[in-house]
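Participant: Chain residues, written in single-letter form:
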Amino acid sequence: MTDATAPLTTTDGRPLKAALAAAGARARRRALFLVLPLLIFVMITFVIPIGQMLHQSFYNPYFSRNAPNVAAWFAGNPVGTEPDEAAYAALAEDFRAMQAAKTAGEAATRVNYTLPETRSLITKTARNAGDLAPPYKEAFLAIDKKWADPAVWQAMRSSSTAYTSDFYLIAADFERAADGTVQKVPDKQRIYVKLFIKTFILSALITVICLLLAFPIAHLLATLPMAKANLLMILVLLPFWTSLLVRTTSWIVLLQQKGVVNETFVALGLVGDGNRLNLIYNQTGTIIVMTHILLPFMVLPLYSVMRVIPPSYARAARSLGATSWTTFRRIYLPQTLPGIGAGALLVFILAVGYYITPALVGGADGQLISNLIDFHMDKSNWSLAAALSALLLVGVLLLYWLYDRLVGIDKLKLG
Amino acid sequence: MAAAPQGDAYVAFKHVQKSYDGVSLVVKDLNLDIAKGEFLTMLGPSGSGKTTCLMMLAGFETATHGEILLDGRNINMVPPHKRGIGMVFQNYALFPHMTVGENLSFPLEVRGMGKDERETRIKRALDMVQMGAFAARRPAQLSGGQQQRIALARALVFDPALVLMDEPLGALDKQLREHMQFEIKHLHESLGITVVYVTHDQGEALTMSDRIAVFNDGRIQQLASPADLYERPENSFVAGFIGENNKLPGTIEELSGDKALVRLATGEVIDATPVNIREKGQQTLVSIRPERVEFKPGMMPEGAHTLDAEVIEVIYMGDILRAVLRVAGSDGFVMKMRNTLGQTRLSAGDRIKVGWHPQDARALDVI
Amino acid sequence: MKRLLILTTAFGALALPATADEITVMGWGGAYTASQIEAYHKPFTAATGTTVVSVDSDNPATPIKAQVEANNVTVDVAILEIADAVRLCDEGVIIPIDPASLPAGVDGTAAADDFLPGTLTECMVPTDIFSTIIAYDASKYAEGEGPKTIADFFDTEKFPGKRGIRKSPKVTLEMALMADGVPAGEVYAMLETPEGLDRAFAKLDTIKADAVFWEAGAQPPQLLADGEVVMTMAYNGRIFNAAQQEGKPFDIVWDGQVYEWEGMSIPKGAPNEAAALEFVKFATSSEPAAKAAEFISYGPPRKSSASLVGNIQGTDQPMSPNLPTATENLTNALASSLDFWADRDTELGERYNAWLAAN
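Residue numbers (our numbering), protein chains in the order written: chain A, 289 to 703; chain B, 659 to 1025; chain C, 12 to 370.
Treat the hints as calculated values from the structure; they're not laboratory data. Note that the Cβ used here is the ideal one computed from N, Cα and C, for glycine as well. Just so you know, not all the hints are guaranteed correct.
Straight line, CA to CA, 30 Å or less: simulated DSSO-like cross-link-like pairs of lysine-lysine [to be verified]:
no.: 1; chain 1: A; residue 1: Lys546; chain 2: C; residue 2: Lys259
no.: 2; chain 1: C; residue 1: Lys292; chain 2: A; residue 2: Lys412
no.: 3; chain 1: B; residue 1: Lys781; chain 2: B; residue 2: Lys740
Quick list of simulated restraints, FRET-style, between CB atoms [said to hold, decoys possible]:
no.: 4; chain 1: B; residue 1: Lys905; chain 2: A; residue 2: Arg318; range: 16 to 26 Å
no.: 5; chain 1: A; residue 1: Asp372; chain 2: C; residue 2: Glu33; range: 49 to 59 Å
no.: 6; chain 1: C; residue 1: Glu257; chain 2: A; residue 2: Thr537; range: 15 to 25 Å
no.: 7; chain 1: A; residue 1: Lys546; chain 2: C; residue 2: Gly41; range: 19 to 29 Å
no.: 8; chain 1: A; residue 1: Arg384; chain 2: C; residue 2: Ala81; range: 23 to 33 Å
no.: 9; chain 1: A; residue 1: Val596; chain 2: B; residue 2: Gly1000; range: 52 to 62 Å
no.: 10; chain 1: B; residue 1: His755; chain 2: A; residue 2: Ala309; range: 22 to 32 Å
no.: 11; chain 1: A; residue 1: Leu690; chain 2: B; residue 2: Gln788; range: 37 to 47 Å
no.: 12; chain 1: C; residue 1: Gly41; chain 2: A; residue 2: Val534; range: 13 to 23 Å
Please take these sequences and the hints and turn them into a complete structure.
Facilitator: So, in structure tokens, the structure goes:
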């Protein structure tokens, strides 16, 4: 008999816990070995790039590393200090180094992100760095009057540290005034917040439409005999087997002004020849095409959940006196919630990050935030693209957290 | 025939036919009257049409032809939720997203019952099945037997006069099943409800029912009390389906009133009681229960025909001894003997003579 | 569709380095690259034995920047737009090319004087001049009734119907001001003022309801062909090809054209820098530049090439009138400003996107 308080041991006296751990260690090592390739793959292709992306969103050393002297001057003098001769001298030294190393362009690009129109100022000054001689302030002003503008100095100050929150400010439609305070950008340039909201609203709308369309289909699939269900399932999956571009282009053929849909409507006399519907190159087009493309992602989780709901639940409810509507609302619907949750989350997250479809069929007002991320990547402004992506990621994670709180992530059923 | 319904039946199937595919009939001309307060079991192998009948009564299937009456009213067009029939399903069908209390509350809520009354009824129903302490649990947290009780309580909580049970005990282990059989029977008696019970387990049917309808091939083969069914099967299907049976094929040699002589294929002649036999020379299957077979000369009636038998093996089963014999050229003849102190012990290779009372050997028509 | 982060490029670029007798040229694909293969690649291979591998990109500026930053350069020569070339040159992504090392024109003019003024820059040797113009479907208008000026593009009363507009402020803003009556020479000065910008956007507002926005150069001819628009901003080469090769009834309004030029640059750390430089010198000499213009209607940047341009490939019609550089096409034309867009690309891009998104 073992004493209740004494640790249990094996027959040869080893503590039971240690023996158990030793027995399991081999199995664990083998398991680790098996998942190692995937782990490495995920690290290299996913975790590290995302980490890099997040890092880039607040790290941009292109001005600070090329202008160490003026950066030191900024560090030693508080915001609002009038640039003195020492500041100009430091800047002159940096410009000479930049000209030698051909790095004025990248430094100028960084400052230009914070304050437009400084790019040409800096590259021009760097090209003329050989002419800079004391007194430096006058020398700079001789090259361009803009060097007296405090906004230029504020932009350089905020670029003079490699780590910066500037890109997040821009991504949230804020900017730094000449005195260093944060303020909203002029109305005409506010775009990101609006577009984030629009992206989330459009994605939510697409999710809801997908749900409304997918629910009956999934129910049909789940209740039909296997042979017919399989055929229908192939039809549902068919879009998956077609290239995204082909599908999108097919929609253009269908929906454009002289497209199949409009031609049919005109032929039927539903719309006049002069009032053809604008179904594409606008928000409507984005919604229609993205709904089509994302529909399978809603059908599949719903189907997998519905398939395992025995028909006896509905029968039980009916026998207990519930009308078919009550049965649907109180018995069937709650049991499909894990599928609805999974499908909605999947469709929403995919929609929020969708790029190609809005780019091709979105026209002016069907653009989503991902199209602007693309725009900035195109302009090589990776820091801003990364900051926007990071905000998008935070938004999606927030939603995921909310879902976990409200529904519970353990209830998620993806298929 | 025991407890045959008199006058107005509470439930009546009249010439009901059901086809799913328009080619074959699953239920062929069903006529069945069920009395108020009766416990009727539909017994049969799977595919015999018994569950289809139950589903038509519940309203989940529509009869292709004929009518179903409930309390004198044609319910063919009444949707299931307006029939007021309680139902217990094979796998209980307890709503997994609701607690036990909510499950029971559901039929009361859809009837628009007030909160206080609901609580009173739920408590009463749960106490009835000794589950009073489980109202806050989820079905998944209950054992099979507990779920079964909840399903029963839910089917009864809204006081239906008719309760349908579709193989409700099929998922339980033997001991629990026997216990629940007793409880269901007890509830039936104390509540005075009418129960239509579907099962393929003949033991369950015999234990619980007032009457049993044996289904096969879309027809009721026999509708009778458990004792009648066992003692007096009307055809070879029923004889074979209910209990264990020895079958001896032969032809009718002589037929006089309730006595018949049957000549077996091997030439021997035996006594039997004719059932559904119309003429001499007809092919027949003589059915004898193993426990009615005698081998001690003193136990057999005067002048009875006997058959030579050789003991192939004797199996010790506790309360009984089971002997497998070679009789009339076949190896599968079974004889059961009570395991009493004075019982003669047979062993393999013994040669004996077996016989029986003529009324225990039923010469049935061949189906 | 395109454009990955620098790091994914770094991890993904597993292409084998080109061997010494092979160089890789990254172009824009389509008819443009086809013309370069005919005029530059094939003759170069014939002359030197060096194979030229052609790879396509939506805009080579993006991948070569990523490659240089990741220290994994696989491209030897990149075809760049001038604005990108100036920016990448400042950033040290592409290397300077000494103008003195370039061959003289066939008439003996030194290279520095032979190229059109302003087109030869530190890190890029120009190959062709292309233009953004207004194109329209001539079959939709009676003879001589089609649009003739840039102002007509903005006149939805006289010319009703949808317009294709580039989904980028570049060229679009310039055209808006020219249509509003601003002389070509004053366009950029005006755009540098807030009032001028507002004026350009206000002009765009007048056709926004009729606008179909396009992004890729292949879209405008398609939009015209589909009848989705009656006229559109487009690259002149694309329209020329659609009209010439596919027989589309497309016509070009040269009034208000905004021209830019493209050229060849060598990324820093190119695997075959010496061979790449030889290729650039060869391809930008008088004859290949003129030859390329016979395949696609982009003008040769060397003065000495102008007289060498022959007939449209496969026909007996002269190519010259179809080039942006033809004298009669230059009466009201604007050269895109490098400095203006280098400074304001991002800022105006944001404002343009905000304008697009506003309803």
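Participant: All hints are to be evaluated individually against the structure, with a verdict given for each.
Facilitator: Status of each hint after checking the structure:
no. : hint                               : verdict
1   : Lys546(A) x Lys259(C)              : 17 Å, holds
2   : Lys292(C) x Lys412(A)              : 28 Å, holds
3   : Lys781(B) x Lys740(B)              : 25 Å, holds
4   : Lys905(B) x Arg318(A): 16 to 26 Å  : 60 Å, violated
5   : Asp372(A) x Glu33(C): 49 to 59 Å   : 57 Å, holds
6   : Glu257(C) x Thr537(A): 15 to 25 Å  : 18 Å, holds
7   : Lys546(A) x Gly41(C): 19 to 29 Å   : 25 Å, holds
8   : Arg384(A) x Ala81(C): 23 to 33 Å   : 29 Å, holds
9   : Val596(A) x Gly1000(B): 52 to 62 Å : 60 Å, holds
10  : His755(B) x Ala309(A): 22 to 32 Å  : 40 Å, violated
11  : Leu690(A) x Gln788(B): 37 to 47 Å  : 43 Å, holds
12  : Gly41(C) x Val534(A): 13 to 23 Å   : 19 Å, holds
Hints 4 and 10 from the earlier list are contradicted by this structure; the remaining hints agree with it.
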